[in-house]
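Trainee: Between the sequences and the hints, there should be enough to build the whole structure, so can you do that?
Chain residues, written in single-letter form:
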Amino acid sequence: MSDGIVARLRASLDRPADFGEVLAGDWGAATAAELARRPVLVTGNGAASLGDLFEVKGSPAGRIRLQGDLSNATRLGAGLAGGEVIVEGSVGADAGLGMSGGTIDIRGDAGPRAGGAAPEARRGMTGGELIVRGNAGAEAGSRMRRGLLAVGGDTAPLAGVGTLAGTIVVMGDAGASAGLWSKRGTIVALGKVAIPSTYRYACTYRPTILRLTLARLGKRFGLGVEDRHVSGLYHRYSGDLADLGKGEILAWTAA
Amino acid sequence: MNIRGVFIEDTFAEAFTMRVARLVITGRNLRWAREAALKLTGFATSVIGCKCEAGIERELAPAETPDGRPGLSVLLMTMSKDDLPKRLIERVGQTVLTCPTTACYDGLPDAPDRVGVGSALRFFGDGFQASKVIGGERFWRIPVMEGEFLVQEKFGMVKGVGGGNFLMLARSADEALAAAEAAVEAMSSRTGVILPFPGGVVRSGSKVGSRRIKSMIASTNDAFCPTLRAITRSELPDGINSVLEIVINGTDAESIAGAMRAGIDAACREGIVSITAGNYGGKLGPHHFHLRKIMAGDTPA
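Line by line, the protein sequences give chains A and B. If you number the first sequence the way my numbering does, the last residue is 255 and the count never jumps. If you number the second sequence the way my numbering does, the last residue is 301 and the count never jumps.
Hints in this document: simulated from the structure, not taken from any laboratory. Be a bit skeptical, because a hint or two may be false.
Among chain A residues calculated to face chain B with C-beta under 7 Å, some are [as the list claims (entries may be wrong)]:
id: 1; residue: Y205
id: 2; residue: T208
id: 3; residue: I209
id: 4; residue: T213
id: 5; residue: A215
id: 6; residue: R216
As a list, the in silico DSS-like pairs of lysine-lysine whose alpha-carbon atoms are at most 25 Å apart [said to hold, decoys possible]:
id: 7; chain 1: B; residue 1: K154; chain 2: B; residue 2: K81
id: 8; chain 1: A; residue 1: K219; chain 2: B; residue 2: K154
id: 9; chain 1: B; residue 1: K154; chain 2: B; residue 2: K86
id: 10; chain 1: B; residue 1: K154; chain 2: B; residue 2: K51
id: 11; chain 1: B; residue 1: K39; chain 2: B; residue 2: K159
id: 12; chain 1: A; residue 1: K246; chain 2: B; residue 2: K154
All C-beta atoms, glycine included, are put in the ideal place defined by N, C-alpha and C.
Mentor: Here you go:
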């Protein structure tokens with residue numbers, strides 16, 4: 001079986017570049033040459049192609065591995081509908097913006113709005129799985145509708161702001177105002193979390209669904225899921241009661 | 001054919017195509033998973049009176065279950081594919097949803113035919129239910145007084161086989177029971193097989209129809225009843241005073257044949273005179289399990 005496409009950054013990206021078109025549509029069957037022709041908008045330089053910035057090799061297998069520091073790459077995997085994207089480093093803002101399927105596995109940090117919504121969009125990601133093994137910037141999973149966003153490190157403020165549904169797992173500490181204006185979404189906080197004042201405590205219990213969610217993160221993505229989190233107790237807070245109030249923050253507790 | 005002095009009749013068990021679902025029931029510990037599984041598979045011996053046939057397939061270690069808790073796999077079977085979701089919804093709703101700590105998952109994830117179970121049971125949540133999609137599968141979280149009941153939205157359905165059987169003809173009731181217990185022990189916990197009757201054993205084998213009541217679809221198998229030997233056309237040789245039957249259902253004919261082979265071998269013991277099987281002349285059921293071929297190691301067609 002092919003390892004898919006490998007794209008290695010030729011030189012450091014020293015200014016923001018919009019990768020929103022690189023993995024748009026049905027990219028999984030595209031050859032290395034076809035993907036190399038996809039456009040990237042580099043701030044100040046105008047249109048370039050992926051092949052100008054990356055050495056693109058391999059054969060199509062619905063999988064692409066991006067190598068190099070992509071901290072200046074914005075909208076990487078925006079609108080992703082399928083396939084597997086592995087980023088061996090950090091990415092900039094808006095990774096997986098409005099994605100609807102497939103997986104993005106970011107081995108470093110992600111900038112603001114990972115899995116979130118474009119400013120003009122009503123919904124953030126509507127499906128698929130977005131893994132950020134490092135930290136995630138502000139508004140991760142904003143207005144998310146479906147899917148799974150897992151952050152191995154900490155999240156900046158406003159993770160899951162305005163979520164319509166979907167699940168955000170924060171394995172580190174959640175920044176301020178997580179889950180604000182959530183309608184139905186789930187935020188799973190394995191580290192510290194400040195519960196917004198518009199959430200109300202419901203109970204302390206063992207949600208069976210989290211055993212499946214965490215098992216998925218451990219088995220499929222190799223995230224370091226600890227047994228105390230799998231079998232442990234969680235405080236359930238319902239909210240945002242300033243909105244629909246069917247969302248929840250499940251905060252792990254050692255007690 | 002003789003096995004340790006037990007005569008194996010040259011006959012076959014006639015079995016039918018059924019629809020099967022495999023349920024994985026987990027719990028906080030095996031005790032509670034078993035409580036739910038026992039209730040779910042209760043009163044599910046025969047489609048004649050129970051609308052479905054069900055049994056515990058085997059215990060599952062935590063590593064084998066979706067949520068990493070101890071569990072049991074259960075097979076539930078019906079004659080028609082329309083019946084299967086009805087029975088699943090009734091039984092999961094009444095016996096697993098109600099049972100403390102348990103959750104219920106599909107055990108046939110590769111089956112292309114899917115029937116809705118959680119998608120119907122979710123309405124018990126009265127609008128407070130929530131769903132999550134994990135790995136492409138949807139699960140429903142139904143709030144209950146204990147906490148939450150988790151059930152998978154859809155369950156796989158495949159064609160299976162129901163009605164594999166053999167009969168142990170014994171000199172005494174005690175010896176028939178001992179042989180049946182040994183056979184059940186040898187046939188239990190095999191993947192793809194259930195024994196839907198009490199303790200895996202049937203004492204009341206039936207024949208099609210009734211001599212006296214036309215509306216009855218089954219009545220006692222008088223030809224194998226020792227007490228009727230003198231007044232009916234008995235099939236029992238001299239010296240037989242008790243007969244017990246084991247009925248085997250499964251996901252496929254090969255699994256059933258393997259279980260029958262193990263069960264018959266275990267049943268060939270002191271006090272058993274012969275082993276035979278029930279059939280309808282081969283005209284009703286498409287699956288024929290020839291006892292001698294099975295004991296010779298042949299795989300059924």
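Trainee: Now look at each hint and say whether the structure bears it out.
Mentor: To see whether the hints hold, each was checked on the structure:
The restraint placing A/Y205 at the interface with chain B holds, with a minimum CB-CB distance near 5 Å, inside the 7 Å limit. For A/T208, the interface hint holds, since its Cβ comes within 7 Å of a Cβ in chain B; the closest pair sits about 4 Å apart. For A/I209, the interface hint holds, since its Cβ comes within 7 Å of a Cβ in chain B; the closest pair sits about 5 Å apart. A cut of 7 Å between beta carbons decides the hint on A/T213: the least distance to chain B is about 6 Å, and the hint holds.
Residue-level restraint check for A/A215 holds (minimum Cβ-Cβ distance to chain B is 6 Å; threshold 7 Å). Restraint check, A/R216 versus chain B: the minimum CB separation of about 5 Å is within 7 Å; hint holds. About 14 Å separates the Cα atoms of B/K154 and B/K81, which keeps this hinted pair within 25 Å; it holds. For the suggested pair A/K219 and B/K154, the alpha carbons sit about 22 Å apart, so the restraint of at most 25 Å is met.
Of the supplied pair hints, the one linking B/K154 and B/K86 holds, its CA atoms being roughly 13 Å apart against a limit of 25 Å. At most 25 Å may separate the alpha-carbon atoms for a hinted pair to count; B/K154 and B/K51 meet this at roughly 21 Å. Only pairs whose Cα atoms come within 25 Å are accepted, and B/K39 paired with B/K159 is accepted, the gap being roughly 24 Å. With a CA separation close to 24 Å, the supplied pair A/K246 and B/K154 stays within the 25 Å bound.
In this structure, none of the earlier numbered hints is contradicted; all agree with it.
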